[in-house]
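Chains as they are written, first to last, in my numbering: chain C, 1 to 620; chain U, 1 to 355; chain B, 1 to 242.
Note that these hints are calculated values from the structure, not bench results.
There could be a bad hint or two in this list.
Which bits of chain U does chain C cover? Going by a derived footprint, with three or more residues having C-beta under 8 Å, they are [claimed, not checked]:
(1) 35-44
(2) 54-65
(3) 72-84
(4) 179-186
C-beta atoms are modelled at their ideal positions from N, C-alpha and C, and glycine is treated no differently.
Here is what each chain is made of, one letter per residue.
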Amino acid sequence: MATAVKTPPSLRPQTHQPAEHADRAAFPPGHEPRFHYLIEDSKDDHHNYGKPKSFGRHVWEWMTSVDHKRIGIMYLVAISTFFALGGILALLVRTELAMLGDTIMDADTYNRVFTMHGVVMVFLFIVPSIPASLGNIIMPIQLGAKDVAFPKLNLASFYLYVAGAFLAILSLRTGGVDTGWTFYTPYSAETGTAVIAMGMGVFVAGFASILTGINFIVTIHKMRAPGLTWNRMPLFCWGLYATSIVQVLATPVIGITMLLLVLERTLSIGIFDPALGGDPVLFQHFFWFYSHPAVYIMILPAFGVISELVTTFSRQKVYGYTAIALSSVAIALLGFLVWGHHMFTSGQSIVSSIVFSMITFLIGIPSGIKIFNWIATMYRGSVWLVTPMLYAISFLFLFTIGGLTGIMVGALAVDIHLHDTYFVVAHFHYVMMGGTVIAMLGGLFYWWPKFTGKLYHEGMGVASAVLVFIGFNMTFFIQFVMGSQGMPRRYADYPDLPWLEPLHQFSTIGSYVLGLGLLLVLFNGIWSLFKGKPAPGNPWGGASLEWTHTTSPPDPHNFSRTPLVTHGPYDYYTVFNGAGDGAMGDGMGDGANRPAPVPVITEGAPQEFDKQIDLGTKQA
Amino acid sequence: MSQIYEAIRSFWLPEQASTTAHVIDAPFMFILIASTIMLIGVTFYLFYLPWKYRRRSSADVPYPVKENHLLEMSWIVIPTILVFIVFFWGFKAHVDTVVAPADAYEVNVQGKKWLWQFNYNEGITTTNELVVPANRPVKLIMNSVDVLHSFYVPEFRIKHDVLPNRYSTVWFEAVRADTFQILCTEYCGTGHSVMGAKVIALGAQEWNEWVASGGGKGIQPGDSPVELGEALYTKNVCNTCHSIDGSAKVGPSFLGYWGETRNFVDGGSAVMDEDYTRESILYPAAHIVEGYQPVMPSYQGQLSDGEVYALIQYIKSINGADVPATFAEGGFGGDGDAGGADAADDAAADAPAAE
Amino acid sequence: MASSTATVAAPAHDAHGHDDHHGHDHPPHLKHYFVTSEQQFEAAKLGMWLFLVTEILLFGGMFVAYGIFRAWYPELFAEASTQLDTVMGATNTLVLLLSSFTVAYAIRGAQTDNQKVLFWNLVATVVLAGVFMVIKYFEYTHKFDLGIFPGAAFNPTSDVVNPTEGIFAHPRAGVFFSIYYVMTGIHGFHVLIGMVAISILAWKARQGKYTSAWYTPVENVGLYWHVVDIIWIFLFPLMYLI
Ligand code: HEA
Ligand code: HEA
Ligand code: CUA
Ligand SMILES: [Cu+2]
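Generate coordinates for the entire structure from the input sequences, incorporating the hints supplied.
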């Protein structure tokens, strides 16, 4: 065949200068024509580029686009919507608990509200959150690929997700679901609420998650640019890689669990319902076999984001790259063996409890390695405290609290007291909200200029980081105290513990502050789209491909030429001191890739930098 | 030093009211203190490093740092040692506290939506009040008649799920005579948050008296049935399902239907009078009022005749009907069979009409 | 902005999608975001393998449930399995095994550019799968006639099965049959999907879409079909024999 290329792709020389740059030079600086993915679809015939399109045409192109960046943005919009919905439900929960008695709703409504909050946040928001939005947008660019391995599958998975979400929301029409996000049998088998619609929703959304996972694994294995070896892969991609493994291995089990639950309700097959000979504890095993690994689906991408933020804003090579990359994989695998720590009081045998507790602790060690490595990365760096870095530092603080309290509830005897109290509620909000969500916000601020082409407002950004940090700690730290003092979770009211009222009130006020901070984030984003300055190609001085080899926003095909990678993703010294590739001793340098000068954003002509990056990385 | 420790402990944890509570608190406190120290260390560096190495010029590109293997080993080895300590402590504390002593006093516990019933060997049954001797181990043998529940007493540091298809056990020994809070910690539906109950630990003498009196159910002819009924209304958790202000909860309100015709799901009907009400309390499944689920538990064997009588008078009083001021006045001579619930069983069938 | 660029658009982006090796006329199946055919083929195959892993885990969950219930009610399961028709089950096993061979030959046909072998083996696979489903249909309807339904509808009340003695008197007898229906039902659903997929392949093979240069879909559907077969190989002894 004509295409049977003999030279391995990694060694093919890059010689020619694409014609487009020559053409661009004909325009006054700052007015070069831009072909970026927000306007042009990757499916477009190349000869159509630049032709005006109607609004309807744009919308249609977006909805049917197989461009990973567009799909990522569609995911981002959907996910943010569900985060807002889940957050508003959370505020209802907090408002109800602010005072003893029925404050704004009765117990049945409360049960539906907190269930919906949990389900929306877990299945519709946090599981897809970072991978499907930021991962989709950024990962192929970091790999130097033009797209993910299966772009159509990517779009299909988005619509599956939408369908799943639709089913879950449909359950509201028939009265909502009141089982808690854990759907424990036999309650879920007999309650009068819309468990079937919800179960199918989770099933379908799970399918979307599996497809994303498969797509990402294959992309990472097969689509890396020439020279981008495994140990030159950015840590964000490593995080997504570990996540995808968990998605592929764990999600089918929640699929079958939901299917069996639906069959239990429709046909009464008697696998989980004790009245028919089934066992409710079996359901718990099935559920947690997915849902514990799922918590690592939630946090591993966040680890990836934090790795990127900490190094870029310290302009220092990540400390212990290999340790961070491999600890993600270790956490992913160990995560499959600890599900029983959610069931210490359920009546499982003591021996299994002991084993589960043991393995639970082992996960603390690779997690600690990560935390310490990130901190060490700042050592002798050049730390730039802008919004994304503030979020990263918040993350390090909050996740440490969340993780250490995870150790607390992992200790067998201690968990007997703490299980199903607000201590656990606080633990998982510290890791999910304080961990994943904070990391996602940091990542959003970080990559926002890249994928929107606009700079956000720094002052507002800092203010939001501060408000979110304060509001979050007010809301949830006090819940540790309430929990260890004995406040059970999923309580619509607390008539037996009236003296907790002021603590609940404090928490409620905190949640309003938190909501304000998040509104500011939203406002900042919208503001920047209309009023933000155009972003240069590399506003932060990052050294991975999305910063050094493409514009903001990127071209529909990401790069005008496939990049040739000659050094690691965090070799700032190499990239910005022009020290040449040989300096880091990686042996791949041919001098052709001598980088641009430090492209840090300053006031004034960002377009200049843009051009420098574009040309700088491609000059012969 | 120990005062500071005590202060921290009481900030985080409730009072230690069982003999095993301190065994569980010890690892809690260890993890808490170790974590706090670790967190302070992390926080220190989170402030110090960004300040010390803050960016001074946008052109700063620091030289890469060499990795330090000693440092890396230390942050692997130290946490490993710590987690092993925590693991062994947590697991040992559990094993030490989970097995009940052989001579424990046993009580059967039934969880149901949304109340707790306690059945004692002496034939006594109580609802939402677990009466036990203090300073003596008590073992609870628990099961559920419907969905999962979980039996939790924070002051005792005990918790265990209550399942419909098998028995589970917990045990405790209250260190003093007092009242402690029981909470349900497995989500079980509408009434999950009001499925609270009390442990009433009695001193040796009171305990013996309580057992001898068959659960302390003596009624004097001079007592007021309405007052007793009102107390029973909350004590036997009628209030979780029945309001007294006319609003429907899980069951119909006690206000507004007295003397009215009640329609049943099976098509029958009856006027709400004394007989019907007694039947509703003792045999709730016999007639299910239209629009409601058959979820009301039977109080047969739990309420003595006098108590049922008192509840009926209380319901009447809410509806403004004439009620006697004392049991004697109502023609009810007091609780003939104060012997308790066991005896009341048969008596209930042909109880005095009390009119 | 867009309109101002119209004039330069066409030449400027000629390089897109062709990348370093533009000038080669690359085959129609090669997607622009892949560099080589090998890369594309390997990607598709890895993706398929991962998908099959999730399939196996899906059934794995059900096998675990089966194992647990078997451990709880061993005598029930041993005896209830005698109610299943071993002859039909065994026939179906053979049918599926045979279809695995035909699909393998179809792939062979594609590799050797033998369009006839490719097409007719695909057709044979669909037919065999159809036979499997027909036999399954008879098995199911026979049970329904006896009142052996899944779940709450379980009501064995014909002259042939006596609900008061033997296995049907067991209070949990319904559970075995529920598990049987769920597992074979989901497996049957997979067979149906396979039939649709293989029919599409056959239709496209007819048009000569697959050659030794590119037959990825045949290879991948073939892999899928083997997994469906293997799952049945586990189901058959567990359900019918032991
Ligand atoms: C993002 C999600 C996420 C993450 C990352 C984690 C991380 C961990 N979780 Fe958490 N967890 C949840 C989400 C998450 N959890 C949720 C949602 C629930 C409740 C579900 C429900 O019931 O609704 C839950 C519940 C839960 C329980 C059950 C509690 C109960 O119901 O009684 C347990 C028990 O073991 C536990 C343990 C842990 C542990 C040990 C970790 C570890 O991975 C943490 C590791 C991190 C560190 C330890 C910190 C950093 C390390 C150092 C600074 C080094 C020094 C450390 C040591 C010396 C140990 N979690
Ligand atoms: C990702 C997971 C996630 C997140 C982020 C949150 C966020 C929050 N949660 Fe949630 N929570 C869960 C997952 C999560 N929760 C789960 C799984 C449960 C268990 C459910 C169960 O028991 O079944 C639970 C339960 C739970 C409870 C216990 C209920 C009970 O047991 O009775 C409480 C009570 O305080 C609570 C509060 C909050 C609050 C105040 C927030 C706040 O952080 C929310 C803040 C967000 C907002 C206020 C929205 C504002 C946003 C906008 C206005 C738009 C901005 C948009 C963009 C930035 C794009 N949650
Ligand atoms: Cu009973 Cu919650
Ligand atoms: Cu877990």
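Violating hint indices (sorted, rising): none
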